[in-house]
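There are 2 protein chains.
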Amino acid sequence: MSQHIVVIGSVALGPKAACRFKRLEPGSTVTMIDQSSLISYGGCGIPYYVSGDVSDARELCTTSFHMVRDPQFFKDVKGVDVQILTKATRIDRENKRVEVENMNNGEKSFIDYDQLVIATGASPRKLNLPGEDLKGVSYVCNPDDATRIRDGISKGEVGNAVIVGAGFIGLEMAEAFADMWGVETSVVEITDQIMPRLVSPALATMAQKHMEEGGVNFYFGEKVVAIEGEDGKVTRVVTDKRTLDADSVIIAAGVIPNSDLAKEAGLEVHDRGGVIVDEFMRTNDAAIYSGGDCAIVKHLITGQPVFLPLGSMANRQGRVIGTNLAGGDARFDGVVGSFVVKLFESSLAGTGLSLETATGAGFDAISVLLIQMDRAHFYPSKELMTLEMVVEKETRRVLGVQGYGSAKDALVGRINSVAAILKNKPTIDDISNMEMAYSPPFAAAMDILNSLANLADNALNGINRGVGPDGFQELWDKREQGACFFLDCREEADAAEYIKRNPDYWHNIPQGQIYQHLEEIPKDKPVVLVCNTGARSYEAQVMLDDRGFKDVINVQGGMAAIKKYGVDV
Amino acid sequence: MSQHIVVIGSVALGPKAACRFKRLEPGSTVTMIDQSSLISYGGCGIPYYVSGDVSDARELCTTSFHMVRDPQFFKDVKGVDVQILTKATRIDRENKRVEVENMNNGEKSFIDYDQLVIATGASPRKLNLPGEDLKGVSYVCNPDDATRIRDGISKGEVGNAVIVGAGFIGLEMAEAFADMWGVETSVVEITDQIMPRLVSPALATMAQKHMEEGGVNFYFGEKVVAIEGEDGKVTRVVTDKRTLDADSVIIAAGVIPNSDLAKEAGLEVHDRGGVIVDEFMRTNDAAIYSGGDCAIVKHLITGQPVFLPLGSMANRQGRVIGTNLAGGDARFDGVVGSFVVKLFESSLAGTGLSLETATGAGFDAISVLLIQMDRAHFYPSKELMTLEMVVEKETRRVLGVQGYGSAKDALVGRINSVAAILKNKPTIDDISNMEMAYSPPFAAAMDILNSLANLADNALNGINRGVGPDGFQELWDKREQGACFFLDCREEADAAEYIKRNPDYWHNIPQGQIYQHLEEIPKDKPVVLVCNTGARSYEAQVMLDDRGFKDVINVQGGMAAIKKYGVDV
Numbered sequence: 001m002s003q004h005i006v007v008i009g010s011v012a013l014g015p016k017a018a019c020r021f022k023r024l025e026p027g028s029t030v031t032m033i034d035q036s037s038l039i040s041y042g043g044c045g046i047p048y049y050v051s052g053d054v055s056d057a058r059e060l061c062t063t064s065f066h067m068v069r070d071p072q073f074f075k076d077v078k079g080v081d082v083q084i085l086t087k088a089t090r091i092d093r094e095n096k097r098v099e100v101e102n103m104n105n106g107e108k109s110f111i112d113y114d115q116l117v118i119a120t121g122a123s124p125r126k127l128n129l130p131g132e133d134l135k136g137v138s139y140v141c142n143p144d145d146a147t148r149i150r151d152g153i154s155k156g157e158v159g160n161a162v163i164v165g166a167g168f169i170g171l172e173m174a175e176a177f178a179d180m181w182g183v184e185t186s187v188v189e190i191t192d193q194i195m196p197r198l199v200s201p202a203l204a205t206m207a208q209k210h211m212e213e214g215g216v217n218f219y220f221g222e223k224v225v226a227i228e229g230e231d232g233k234v235t236r237v238v239t240d241k242r243t244l245d246a247d248s249v250i251i252a253a254g255v256i257p258n259s260d261l262a263k264e265a266g267l268e269v270h271d272r273g274g275v276i277v278d279e280f281m282r283t284n285d286a287a288i289y290s291g292g293d294c295a296i297v298k299h300l301i302t303g304q305p306v307f308l309p310l311g312s313m314a315n316r317q318g319r320v321i322g323t324n325l326a327g328g329d330a331r332f333d334g335v336v337g338s339f340v341v342k343l344f345e346s347s348l349a350g351t352g353l354s355l356e357t358a359t360g361a362g363f364d365a366i367s368v369l370l371i372q373m374d375r376a377h378f379y380p381s382k383e384l385m386t387l388e389m390v391v392e393k394e395t396r397r398v399l400g401v402q403g404y405g406s407a408k409d410a411l412v413g414r415i416n417s418v419a420a421i422l423k424n425k426p427t428i429d430d431i432s433n434m435e436m437a438y439s440p441p442f443a444a445a446m447d448i449l450n451s452l453a454n455l456a457d458n459a460l461n462g463i464n465r466g467v468g469p470d471g472f473q474e475l476w477d478k479r480e481q482g483a484c485f486f487l488d489c490r491e492e493a494d495a496a497e498y499i500k501r502n503p504d505y506w507h508n509i510p511q512g513q514i515y516q517h518l519e520e521i522p523k524d525k526p527v528v529l530v531c532n533t534g535a536r537s538y539e540a541q542v543m544l545d546d547r548g549f550k551d552v553i554n555v556q557g558g559m560a561a562i563k564k565y566g567v568d569v
Numbered sequence: 001m002s003q004h005i006v007v008i009g010s011v012a013l014g015p016k017a018a019c020r021f022k023r024l025e026p027g028s029t030v031t032m033i034d035q036s037s038l039i040s041y042g043g044c045g046i047p048y049y050v051s052g053d054v055s056d057a058r059e060l061c062t063t064s065f066h067m068v069r070d071p072q073f074f075k076d077v078k079g080v081d082v083q084i085l086t087k088a089t090r091i092d093r094e095n096k097r098v099e100v101e102n103m104n105n106g107e108k109s110f111i112d113y114d115q116l117v118i119a120t121g122a123s124p125r126k127l128n129l130p131g132e133d134l135k136g137v138s139y140v141c142n143p144d145d146a147t148r149i150r151d152g153i154s155k156g157e158v159g160n161a162v163i164v165g166a167g168f169i170g171l172e173m174a175e176a177f178a179d180m181w182g183v184e185t186s187v188v189e190i191t192d193q194i195m196p197r198l199v200s201p202a203l204a205t206m207a208q209k210h211m212e213e214g215g216v217n218f219y220f221g222e223k224v225v226a227i228e229g230e231d232g233k234v235t236r237v238v239t240d241k242r243t244l245d246a247d248s249v250i251i252a253a254g255v256i257p258n259s260d261l262a263k264e265a266g267l268e269v270h271d272r273g274g275v276i277v278d279e280f281m282r283t284n285d286a287a288i289y290s291g292g293d294c295a296i297v298k299h300l301i302t303g304q305p306v307f308l309p310l311g312s313m314a315n316r317q318g319r320v321i322g323t324n325l326a327g328g329d330a331r332f333d334g335v336v337g338s339f340v341v342k343l344f345e346s347s348l349a350g351t352g353l354s355l356e357t358a359t360g361a362g363f364d365a366i367s368v369l370l371i372q373m374d375r376a377h378f379y380p381s382k383e384l385m386t387l388e389m390v391v392e393k394e395t396r397r398v399l400g401v402q403g404y405g406s407a408k409d410a411l412v413g414r415i416n417s418v419a420a421i422l423k424n425k426p427t428i429d430d431i432s433n434m435e436m437a438y439s440p441p442f443a444a445a446m447d448i449l450n451s452l453a454n455l456a457d458n459a460l461n462g463i464n465r466g467v468g469p470d471g472f473q474e475l476w477d478k479r480e481q482g483a484c485f486f487l488d489c490r491e492e493a494d495a496a497e498y499i500k501r502n503p504d505y506w507h508n509i510p511q512g513q514i515y516q517h518l519e520e521i522p523k524d525k526p527v528v529l530v531c532n533t534g535a536r537s538y539e540a541q542v543m544l545d546d547r548g549f550k551d552v553i554n555v556q557g558g559m560a561a562i563k564k565y566g567v568d569v
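Read top to bottom, the protein sequences are chains A and B. Position 537 (the first sequence) corresponds to 537 in the UniProt record's numbering; numbering is contiguous. Position 189 (the second sequence) corresponds to 189 in the UniProt record's numbering; numbering is contiguous.
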């Protein structure tokens, strides 16, 4: 039985669904329409084109075998008919047809469908401020934007760039401007950290410090109130606290699902936008599917609807839709919210819930922070990795893991391993024994992920009690009040420079000698233990606990975390 | 209640169990004994010391904070008593004591225990050949071996090295000799591939070719029959097929668990050696634990006992034992058999069962092979990765994944993600939708792991039917018989050189033009489709199927696999 499939939108999910369907039913026909003439491009590659990592914008629109994915390509290679500059203006569900408008001449017509796919994507969130349409203000949206931004930089027209929003796109664009082109780059973020809600303040601060070393300026807790220009071209961004010069402004304040067309057709749409679909990616009309950036999926930890606009989601969901259009029963159960972003020589990544989102979702949770080498400590190319695990207290269930590490694949590999089992409600013990393939060039014998779970285990059992670098900052800031006793339990040579800098506040007893020097440690105030990464100070904590000290605080991540976080000790 | 723990063996599991226990019960005492004076070293680092990657052998015996892990260290820092040069000669279970011999003077005495840990490790498998004790013949066993081997090389005494065994240690040592020192290096392996049973012949051959480019010679299917020397020093290795000059010989023919002590004490030991333990790492004597290289654990896919001597296992199992010694109920359920090995600029890794081991364990399974970029195809630092998935036909259960990729962390990251869920009996669909964190510097929108599962899905559904590079080799070898029609379905420019080289056997129709050239394709013989990696040829297969061609074979991995495998096309 031959059928006709219509796909509205041809960037990521649309083409995937269309091509998968055609391979399963070569005898059926597919018409894919798009209001733009730009189709099937890798939008997530735009920051890398702007930075120059990708040399030609056409690479974002070609296959891995270098063919341009244009309508002719889809016709010849995939057997899919594409109509560009064709806007879907209405879905007539009763008669199973889509009203379309020819963007060249405004003529309207209808395309009949047996089954329909809504793949209308998302649009950048606008600030709705005067000046937002000035020349030089861009949304990182499609290859045309990319070309315009890079042309401006490479012509030397951009001395100052201001980026609004410290999420994925904003940070990637900040790196592109500052790293490759040496543009004076500022990021204005309305919340008080980068990647808000996705990572803890501690991890966010570590990444922020690294980006600052790369030349990016951050302004947190500031709201853009105006964008100003001269002769139609942007010159300044005004926040509620300052004015920043700007030859180029990037608005990266998130995206909004394009679900109006679905809503107007009476399909179920979430209150805050986004087509609602079931696990087969089907809307409440059995003949209509949706997915990708215009749809809402289920979060597998919270059980709540979530909007997760990522090219990877579009591709995986697109295949599910393609299969189901051909009579299959493929499922997409939901997401655990994995992410990764490269920031200069570092990366931030995570999966599941952060402590903030876990608490917000009603979990009684704690988080622990660990710093360790990402492979055998004797292997030359090792680097420090910081991981944080969020755990539900009563059940020991792991709700999420986030991390900060090098820009290579070590961090994202750990995150993906946790993500793989997250929907199965793993406990700490599952991660403690997680079988990480071992060889010194790739892992430590006790991999950092195993150690992280062990730390969480010890924390929940009350034998490793501590604070992260942010907690240490708070204690250190009050050092002149003498409320705490700061004890560096590394060897003398490691502690010496801190003793010298802070003779009144910094004390040193190597952990192995603690039992011989107990009388030097006060019992009437909290003892704050510091070593390189938190491992020896944990041993010291066990020893002091054993000798009756009542208030011992271990700085998790130790001096490595303190330095990355930027505490001035 | 204070107790006394005795630990026999102090390399990996022993120290881990001892230290974990002491942290949980600082008031109890631990005595750890070892017949050697070398303790707590990273044996898996030896090849990297020999190669020079690790500059000082002491680094294998120090902590990440550069303290030597000697008996004094264990006493001061960990609170553990260590007796070196002390050999356990008998376990007297009835009286809960261990008979020990002082290796200096031969005196015997007893050490009482409340609970005992047997961590006696494994010994290299000997060939039992004359000449095996000649100077210059080594087992890669402890830091002393490492120092001896490297000293020999660095003094220029080694022009030719022969390595017996093409498993992990053998291959790592081959790289160390050939890569860093330019020694003429040969590997003799009794089976017909490297990493036998662990990876498929196709993956093994790809890695072998890469090592051959690095200067390593391989002799497969050969058995060493004698080791010969002059003046007490090795000079030759004689196999059943040839004689190889050798100034240095490494025997890397596997290891054997040291479980005799346990067996003599009446503890359950596997027929082929290895202490049998339950999921709490307890032997059949409730007061005695064992783990690491001297023990046998359960394979979670086959359900069978398995011997997996890895430093990572020893560490994770050691912690479980330490917890349980202190009254805990930590579990170690078993293993899925993950591994990774770096080979020059490449790596081999895997988890679960290979097709060979799956078939051997009674599964009716197939495997599929995929080559794809390890990140966005437009991102500059991308590299090709080859993955193979082993799937049970009837249930669609994923039994294992193995791969060949760069020497960085991309491959091991994918393997670890699969390993994380392997014991939960994932199906193809679980991997198809596996949530790999996405950003172009780290993954493709459709990650290679998702694509691999999609390929397996299409293969099981009969719509992608093909062979890997080894299967192509067989077909190509018979090309002069004219049994097959070889069709390159890439663009003309890509196919040109092959047409020129093989004008009689190689044909070219770009996939997008197949419908216009159907009459050029014979229907009376198998059509073998080749493209760059197998994606376009799959599209071509769908098109030919649709037009009634009955015998179409897609070369999975395409020209990329053919080249890596080394077929001369």
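There could be a bad hint or two in this list.
In this list, chains with the same sequence are indistinguishable; a pair is considered to hold if it fits within one copy or across any two.
Said to hold, decoys possible - Taking lysine-lysine pairs in the BS3-like style, the calculated list, with each CA pair at most 30 Å apart, reads:
id, residue 1, residue 2
1, 126, 382
2, 393, 425
3, 298, 563
4, 393, 382
5, 263, 155
6, 209, 298
7, 233, 223
8, 209, 563
9, 263, 478
10, 550, 75
11, 75, 525
12, 126, 298
13, 75, 523
14, 500, 550
15, 425, 525
16, 382, 209
17, 525, 96
18, 500, 425
19, 382, 75
20, 423, 393
21, 155, 87
22, 563, 96
23, 135, 525
24, 298, 425
25, 233, 500
26, 155, 523
Source of the hints: derived by calculation from the structure; they are not laboratory data.
Okay, the hints, checked on the actual structure:
no., hint, in the structure
1, 126 x 382, "neither (43 Å within a copy, 34 Å between copies)"
2, 393 x 425, "both (14 Å within a copy, 28 Å between copies)"
3, 298 x 563, "neither (38 Å within a copy, 43 Å between copies)"
4, 393 x 382, "neither (33 Å within a copy, 41 Å between copies)"
5, 263 x 155, "neither (44 Å within a copy, 78 Å between copies)"
6, 209 x 298, "neither (34 Å within a copy, 46 Å between copies)"
7, 233 x 223, "within (21 Å within a copy, 78 Å between copies)"
8, 209 x 563, "within (10 Å within a copy, 45 Å between copies)"
9, 263 x 478, "neither (55 Å within a copy, 61 Å between copies)"
10, 550 x 75, "between (74 Å within a copy, 25 Å between copies)"
11, 75 x 525, "between (76 Å within a copy, 29 Å between copies)"
12, 126 x 298, "within (26 Å within a copy, 57 Å between copies)"
13, 75 x 523, "between (79 Å within a copy, 25 Å between copies)"
14, 500 x 550, "within (29 Å within a copy, 82 Å between copies)"
15, 425 x 525, "neither (40 Å within a copy, 52 Å between copies)"
16, 382 x 209, "both (21 Å within a copy, 28 Å between copies)"
17, 525 x 96, "neither (75 Å within a copy, 45 Å between copies)"
18, 500 x 425, "neither (49 Å within a copy, 58 Å between copies)"
19, 382 x 75, "between (49 Å within a copy, 29 Å between copies)"
20, 423 x 393, "both (18 Å within a copy, 25 Å between copies)"
21, 155 x 87, "neither (35 Å within a copy, 76 Å between copies)"
22, 563 x 96, "neither (62 Å within a copy, 50 Å between copies)"
23, 135 x 525, "neither (60 Å within a copy, 63 Å between copies)"
24, 298 x 425, "both (16 Å within a copy, 23 Å between copies)"
25, 233 x 500, "neither (54 Å within a copy, 57 Å between copies)"
26, 155 x 523, "neither (66 Å within a copy, 58 Å between copies)"
In this structure, the hints that do not hold are numbers 1, 3, 4, 5, 6, 9, 15, 17, 18, 21, 22, 23, 25 and 26, in rising order.
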